[in-house]
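All chains, please: the whole structure from these sequences, using the hints.
Number of protein chains: 2
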Amino acid sequence: MLTTQHFSTHSIQLLQRKRPSEDSPPSKGRRVVSHPQHPGQCLSHCPQVVEKCLDLGAASARYVSGSMESTAFAEEVVKEAENTWGGLDMLILNHIGHSFFDFFNGDVDHVRKLMETNFLSYVAMTTSALPMLKESEGSIVVVSSVSGKVASPFTAPYSATKFALEGFYSSLRHEFIIENVNVSITLCILGYINTESAVRAVSHVINETPAPKEECALEIIRSGALRQRELHYPARTVTPTLLLRDLAPEFLDGLIRSNFRVENIKKAPAAQGSGH
Amino acid sequence: MLTTQHFSTHSIQLLQRKRPSEDSPPSKGRRVVSHPQHPGQCLSHCPQVVEKCLDLGAASARYVSGSMESTAFAEEVVKEAENTWGGLDMLILNHIGHSFFDFFNGDVDHVRKLMETNFLSYVAMTTSALPMLKESEGSIVVVSSVSGKVASPFTAPYSATKFALEGFYSSLRHEFIIENVNVSITLCILGYINTESAVRAVSHVINETPAPKEECALEIIRSGALRQRELHYPARTVTPTLLLRDLAPEFLDGLIRSNFRVENIKKAPAAQGSGH
Numbered sequence: 001m002l003t004t005q006h007f008s009t010h011s012i013q014l015l016q017r018k019r020p021s022e023d024s025p026p027s028k029g030r031r032v033v034s035h036p037q038h039p040g041q042c043l044s045h046c047p048q049v050v051e052k053c054l055d056l057g058a059a060s061a062r063y064v065s066g067s068m069e070s071t072a073f074a075e076e077v078v079k080e081a082e083n084t085w086g087g088l089d090m091l092i093l094n095h096i097g098h099s100f101f102d103f104f105n106g107d108v109d110h111v112r113k114l115m116e117t118n119f120l121s122y123v124a125m126t127t128s129a130l131p132m133l134k135e136s137e138g139s140i141v142v143v144s145s146v147s148g149k150v151a152s153p154f155t156a157p158y159s160a161t162k163f164a165l166e167g168f169y170s171s172l173r174h175e176f177i178i179e180n181v182n183v184s185i186t187l188c189i190l191g192y193i194n195t196e197s198a199v200r201a202v203s204h205v206i207n208e209t210p211a212p213k214e215e216c217a218l219e220i221i222r223s224g225a226l227r228q229r230e231l232h233y234p235a236r237t238v239t240p241t242l243l244l245r246d247l248a249p250e251f252l253d254g255l256i257r258s259n260f261r262v263e264n265i266k267k268a269p270a271a272q273g274s275g276h
Numbered sequence: 001m002l003t004t005q006h007f008s009t010h011s012i013q014l015l016q017r018k019r020p021s022e023d024s025p026p027s028k029g030r031r032v033v034s035h036p037q038h039p040g041q042c043l044s045h046c047p048q049v050v051e052k053c054l055d056l057g058a059a060s061a062r063y064v065s066g067s068m069e070s071t072a073f074a075e076e077v078v079k080e081a082e083n084t085w086g087g088l089d090m091l092i093l094n095h096i097g098h099s100f101f102d103f104f105n106g107d108v109d110h111v112r113k114l115m116e117t118n119f120l121s122y123v124a125m126t127t128s129a130l131p132m133l134k135e136s137e138g139s140i141v142v143v144s145s146v147s148g149k150v151a152s153p154f155t156a157p158y159s160a161t162k163f164a165l166e167g168f169y170s171s172l173r174h175e176f177i178i179e180n181v182n183v184s185i186t187l188c189i190l191g192y193i194n195t196e197s198a199v200r201a202v203s204h205v206i207n208e209t210p211a212p213k214e215e216c217a218l219e220i221i222r223s224g225a226l227r228q229r230e231l232h233y234p235a236r237t238v239t240p241t242l243l244l245r246d247l248a249p250e251f252l253d254g255l256i257r258s259n260f261r262v263e264n265i266k267k268a269p270a271a272q273g274s275g276h
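Just so you know, the protein sequences line up as chains A and B, in that order. Each residue of the first sequence is one higher than the one before, counting from 1 in full-length UniProt numbering. Each residue of the second sequence is one higher than the one before, counting from 1 in full-length UniProt numbering.
There is no bait here: all hints are sound.
Cβ pair distances, simulated, as ranges: (1) ARG257(B) to GLN48(A): 44 to 50 Å; (2) HIS98(B) to ASP55(A): 50 to 56 Å; (3) PRO131(A) to ASP102(B): 16 to 22 Å; (4) PRO131(A) to GLU51(B): 51 to 57 Å; (5) LYS134(A) to PRO240(B): 30 to 36 Å; (6) VAL49(A) to VAL49(B): 58 to 64 Å; (7) ARG261(B) to ASP109(A): 40 to 46 Å; (8) SER203(A) to GLY86(B): 41 to 47 Å; (9) SER70(B) to LYS134(A): 34 to 40 Å; (10) ASN105(A) to GLY57(B): 37 to 43 Å; (11) GLY86(B) to ASP109(A): 25 to 31 Å; (12) ALA217(A) to THR84(B): 52 to 58 Å; (13) ASN105(A) to THR84(B): 25 to 31 Å; (14) LEU226(B) to PRO212(A): 42 to 48 Å.
Within a straight-line C-alpha distance of at most 30 Å, the following computed DSSO-like cross-link-like pairs (lysine-lysine) qualify: (15) LYS113(A) to LYS213(A); (16) LYS134(A) to LYS113(B); (17) LYS113(B) to LYS113(A).
Computed footprint of chain B on chain A, listed as stretches where at least three residues anywhere in the stretch have a Cβ under 8 Å from a Cβ of chain B: (18) 109-120; (19) 145-153.
No wet-lab data here; the hints were simulated from the structure. Values in this document were obtained by computation on a predicted structure and should not be read as measured data. Built from N, CA and C at the ideal position, the CB exists for glycine as well.
Next comes the structure, spelled out in structure tokens:
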């Protein structure tokens, strides 16, 4: 399993090989491990995460640190998995670049960079990993957001990148089915989760209780293992939102806006030019 | 009115100033015209289009030719409108870059370039035009596609760019409402239209009769003038598709695939690397 994690511009790719067990067929028992590319850039808690994976039964676990702003690095991570294990059964794409939670300030260059990290690096990793995933009849898990289905205010660049993921991967899923490629694609539509970064970014603005991150992580892995088309988590907020978006779009828009404490948004200065 | 048109990598920006009439209030009567930036690059039929606009009652009409692969050029077109007329009341974003209608071949660089033309140049033009549109309480019309709502096979890069437009502009619409910015945003969800380029690209693969382009063009302008949230054209195919996407997504996926004559798709060779 190759999982990307997001820590602003530095993304950590955690690769682990699951210890073979009786209930996992040999072709599905493989998980992939790598080692740090740039130890100096690694975030302090990565060794603990690896240790925890080993404690929980992984045959081995490693991480690679670098910036997913570069699709070259994204491809390098996949190569690392290939070189180390010669195969891959699950690719979980879960990293995002830093964005702001504010009115759009006209910074086109920020949108471009975010697209590189949140979308193009996903496409690059998928392309690189596909031969291995075809061989293992594996799974691609794309972690997206309810903001990738229904846009909210203050997230225009982020929403654009998350919407793009659905457009790309839903088209690819059709092609896999047509070509009899037995690689599943799961799109995870996450609501408000109590990760440290999400709570820090939006708790002062959103009138909602976040869902637990531990259960969320488990649901992401489960949805990939079960080869689900989509995961809605937490379903109690995500599923009704999606049902409303075409049946009553303007009502839903009003509902979304009423969920924000707009007075707590501090307006950022407008960008000078698009920075292209 | 500033309209972008798509002709592969060369995009033509048609700018016209409507002749003031009794039924249009002064602030809405303004339309904007420019002149060719690079006459050598202009496509042969542009002068005829301009002539037709004048015949139909435009006070003046001009065009600017160049490549929308560059957001710098996109901004230049808006500046041209500003310099010539000092204002703008409608921005119709309707250009797309060349893409293929085929299985995705792993060319990440193609996806990146298409995102630049189909999405980032839209954001750049919107940012540049916004001060003028705020002043005129004008309209932004974003021409998208049913492939920007529900993905089909053979359009992964294109779908990604069209989905991105919805994510970005739906978020921006919320922000305009919150800030009391009286600029409307209309998203045009077009089905299969009988433009020369669309028919050439997909008629051998799609089991569907295309809708007339003349009516489509009129509906696009009407939806912007009426400040509609979304246009579905032709409604007979687009609206039911959108209603099914959350109610019965897997049924809809099967229906979409059955609409293609897959045997007529000629498979392209895989890309060598991502070209970054």
